[in-house]
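Produce the entire structure from the sequences given, and follow the hints as far as they go.
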Amino acid sequence: MTSSFLDNAFFRNIYCNLASSDSARCAGGGPFGDGLFPPGWEWFAFLVTAFLTVFVVINGALLGVNAYIWGERRLIGRIQGRPGPNRWGPFGLLTPVADLIKILTKEDIVPAAADRLLFFLAPFLIVVPVLLVFAVVPFGSSSWVADLNIGLLYVLAVLSVESFAPVMAGWGSQNRYAMFGALRAVALLVSYEIPMVLSLLGVLMIAGSLSLVDVVHAQSVPFILVQPLGFLVFFIGTVAEIQRAPFDLAEAESELVGGYHTDYSGIRWGLFQAGEFLATIAGAAIIVTVFLGGWRGPDFLPSHAWFFIKLTGVLVVMTWIRGTLPRLRIDQVTSFAWKGLLPLAALNVVLSALLSLIWPAPTNGELWIMVAINMTVAAAALIVLGQFGPKAGERPTPAPVSTLREATPGGGN
Amino acid sequence: MSMRTEPVTVNIGPHHPSTHGVFRLRVTFDGEVIVDVEPVFGYLHRGTEKLAEERTYVQFVTLTDRMDYVASMTNNQGFVLAVEKLAGITPSPRGVWLRMIAAELQRIASHLVGMGFFLQDLGAFATPLMYAMRERERILDLFEMLCGARITNSYMRPGGVFMDAPEDFWPAVNRFLDEMPGYVDEYESLISGNEIVLSRTKGVARVELDALINASISGPMLRAAGLAWDLRKKHPYEFYDRVEFDVPLAQESDNWARYIVRIQEMRESVKIVRQCVQQIEPGPIRPKEVPFLVRPPAGEVYSSIEGPKGELGYYIVSDGSIAPYRCKVRAPSYINLTLLKDMLVGWRVADMIVTFGSIDINMGEVDR
Amino acid sequence: MYGLGILKGFGVTALNAFRSPFTVEYPDRRVGLPGLARSAGINPLAFVLKRPKDALKAVLGLAKIPARSQQHSRFRGQDFTWYVERCTGCASCAKLCPLGIIKIVTDPSGRQTQEGEVYDIETFDIDLARCMACGICVEVCPYDALHMGSGFERARYGFPNLLITVDELKKAPKRPSTWFRPQLEERGYHPHKSGQADWRLVGRHERPTAGQLKRNWVDDRAK
Ligand code: SF4
Ligand code: SF4
Chain P
4 MTSSFLDNAF
14 FRNIYCNLAS
24 SDSARCAGGG
34 PFGDGLFPPG
44 WEWFAFLVTA
54 FLTVFVVING
64 ALLGVNAYIW
74 GERRLIGRIQ
84 GRPGPNRWGP
94 FGLLTPVADL
104 IKILTKEDIV
114 PAAADRLLFF
124 LAPFLIVVPV
134 LLVFAVVPFG
144 SSSWVADLNI
154 GLLYVLAVLS
164 VESFAPVMAG
174 WGSQNRYAMF
184 GALRAVALLV
194 SYEIPMVLSL
204 LGVLMIAGSL
214 SLVDVVHAQS
224 VPFILVQPLG
234 FLVFFIGTVA
244 EIQRAPFDLA
254 EAESELVGGY
264 HTDYSGIRWG
274 LFQAGEFLAT
284 IAGAAIIVTV
294 FLGGWRGPDF
304 LPSHAWFFIK
314 LTGVLVVMTW
324 IRGTLPRLRI
334 DQVTSFAWKG
344 LLPLAALNVV
354 LSALLSLIWP
364 APTNGELWIM
374 VAINMTVAAA
384 ALIVLGQFGP
394 KAGERPTPAP
404 VSTLREATPG
414 GGN
Chain H
48 MSMRTEPVTV
58 NIGPHHPSTH
68 GVFRLRVTFD
78 GEVIVDVEPV
88 FGYLHRGTEK
98 LAEERTYVQF
108 VTLTDRMDYV
118 ASMTNNQGFV
128 LAVEKLAGIT
138 PSPRGVWLRM
148 IAAELQRIAS
158 HLVGMGFFLQ
168 DLGAFATPLM
178 YAMRERERIL
188 DLFEMLCGAR
198 ITNSYMRPGG
208 VFMDAPEDFW
218 PAVNRFLDEM
228 PGYVDEYESL
238 ISGNEIVLSR
248 TKGVARVELD
258 ALINASISGP
268 MLRAAGLAWD
278 LRKKHPYEFY
288 DRVEFDVPLA
298 QESDNWARYI
308 VRIQEMRESV
318 KIVRQCVQQI
328 EPGPIRPKEV
338 PFLVRPPAGE
348 VYSSIEGPKG
358 ELGYYIVSDG
368 SIAPYRCKVR
378 APSYINLTLL
388 KDMLVGWRVA
398 DMIVTFGSID
408 INMGEVDR
Chain X
370 MYGLGILKGF
380 GVTALNAFRS
390 PFTVEYPDRR
400 VGLPGLARSA
410 GINPLAFVLK
420 RPKDALKAVL
430 GLAKIPARSQ
440 QHSRFRGQDF
450 TWYVERCTGC
460 ASCAKLCPLG
470 IIKIVTDPSG
480 RQTQEGEVYD
490 IETFDIDLAR
500 CMACGICVEV
510 CPYDALHMGS
520 GFERARYGFP
530 NLLITVDELK
540 KAPKRPSTWF
550 RPQLEERGYH
560 PHKSGQADWR
570 LVGRHERPTA
580 GQLKRNWVDD
590 RAK
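Protein chains in written order, with this note's numbering: chain P, 4 to 416; chain H, 48 to 415; chain X, 370 to 592.
Among these hints, one or two may not hold up.
List of simulated lysine to aspartate or glutamate pairs, EDC-like, C-alpha gap at most 16 Å [said to hold, decoys possible]:
1. X/K472 with X/E537
2. H/K249 with P/D334
3. X/K377 with H/E233
4. H/K318 with H/E291
5. X/K377 with H/E242
Rather than coming from a laboratory, the hints here were simulated on the basis of the structure.
Values in this document were obtained by computation on a predicted structure and should not be read as measured data.
Here it is, written out as structure tokens:
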């Protein structure tokens, strides 16, 4: 694994400066000549380097959350015809900081009936897995924490750990609103995981690798063009997976007060919010990496800049969606996943499999032919699917009230 | 395999983001499906009807503002019409026109609020609500010009209104009338075609027309079921027989129909205000001979108007003194709530909130 | 087709994002460089040259200018404007306030030569905590002594501080609202633009001259 670590320019620079005696890995040495540490201390240099890298990435992600919270609030403000937060600091940039201070000074309330272990663990479980995702995201042509050869699988696995958090929070806080939210979250995540994973299969077939770095290298044509259906399904799936509008029914403010985090307050509530925004950034980063060509772009800007421009673009679209669309109902959400996205994803898989049988290692020209074929099929599929317009909701037959009444003599919240 | 399930009872409210005030619903759920609803209200009861018995007629106008606080002009109007009928006062024409203008503007404002919160309940991150508020602000600005207040207007008096409109009111109201249809188009293109809204509202919480009539429900809810019952047409009060307008109807009687009827009514109200502005003539705004202390003869009267939410009626008994002996308000919000259970059973949590929003109630009026 | 309506909605929200906000910022407004230059009344370029420090602040998004209220002259403010010179202590306002929150104590035996001619107002308390700004007290005042105010910044900590006492009424700046005072409107009075209004200004009638008074009260009676 070490060698792949050292493909990373950031990592190598630090490491070689600290331990340039490691001539096997750092040919030419660093600016400090023999390095800061004496020979034999390579392991320590390695540790320090690893720590620094992770430190930078995690704090970068958290700073990104702050910037994104500010940006989203400003943008939604403008969409709604108001200026958005503009009081604290230049253009209101310090508003998230002020919010954080406020949240930190709030009383931390724990319901008497809560299952304390689950209640305390849930907020951490929502933040940590998302931070882990950033480990494999290539931010630039040679900047990443780790280039795992199972990168995509890792992302999906780690993100699905996150879906335990709502359940733990909902169950742990012993509140019926929270329970509703938790159950909705489970239904949502179970339904959307499958089309999401399926939609990535097409990408894998063309790129021929699970590593996110290789996926970016394979994108001489951005995969949004080669895999339009895959992109559509993955984008919607990501929005659902991170539970943002219009799929925010697990927290559904107007229905369930706050859903699974109804009973949380203070910094624990803040962690839920941070987790949601972190997940949004992580999801957007994955979308950028897998479908929008990652760091690739014309040469006049450095690769990091391209990555962040694309990331901002995806985040703006997500915010725009949030500012426009109302929420779906739980049965509509799940049926949309099973009846709408799953067929599309399956079609995409079949089509990509056929195409990659014809062109096992596509060249640039062959990729453009794929674009044409896939686009046509995607348009046709969407038009066919679009004929099934919104149907009037059907009233499900409830159990007779009388029998149910007996089951709950008292009731109440 | 059969699962052993158990219904859950949840208290929605009295403090809940979408109960539109302090309202409590004890709902029994089977999973997400509603099996029983028990509305509990009275948390906002302030005894307005009792207070009326020790206030003079003009003093009570100020309290009618506080009943349906998003439609205070129509509340004023209903009350002063009842007093005029009781005391046999003939209002001045200019005052009547001004009252109609104010009432129709208020109807637009009230429907804007109804529509905005209905979509807020659907979960649209406050965007349509903010757009609705934007136009409502302009209406409130007009009210500020008329009477110096934005919400609790107390603008009307038996015999007319208390003060003529200022000079700058007329250009402002014309500008507003020119722009309002465009804004309604904007809501329509934001919402009316949106498939998510359609699938969330069409066919949801349908009630039969017979049930509505039996429960004496009125207003947009009734018109959404296909009955053209509008007191402005059926028993024209003020000068509603001198203006031309349509009564928007829908047949489906579901949440969508209630929404679309309100949207259409806003367009009709714009038309009415425009005709009022054209027909208004200079003159006194209330007859000089009407004293501040109205002293109607002993008797009783029931007078009702078409409020934004339904038939708003005042039943006043007078014993010949300066204060009503009894004043009963037929509050449309309260009566429109009576079918809540029939509308909700069988639907899901999310539908419950939306249906509740589509009835467009105001707790200040329900509890009075 | 399914989905087109949603796209239309996106169009509407995107259009609105480029409109200027309709909300009012209060008590001050954040402005950029063009806004600050406009409020100073010079063009941005000259502004940068003249006041580089402020210009830098504006570019950094830190500049603010006070936001003025745009209220109409009829706005019924929370504070009242009361003219001790005009008030006779008739207490019509106290009697007809729907909530009975005006407390008036008058003293007929003060400095006056003839008893009962003019009353001294010893107490004129308005309990703002319960006042609903309905304005009936103003409507019924026969001598145009009491007017609605034009302010809206009378939030205080605690109920006792919300009581407006007679001393405060006497000292308060006289910016009456034109609510129910058509005479003020006819004179084009605006509480925020025209400055304070003297007690002679706010009446329904011109103040009679000494000659008129003599004619009305002395000569006519002598007849
Ligand atoms: S404004 Fe109304 S409530 Fe306030 S003191 Fe005057 S009459 Fe009483
Ligand atoms: S303010 Fe007016 S109504 Fe009140 S006591 Fe003085 S003169 Fe009479």
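> Which of the numbered hints are not met once you compare them with the structure shown?
Replying inline: none
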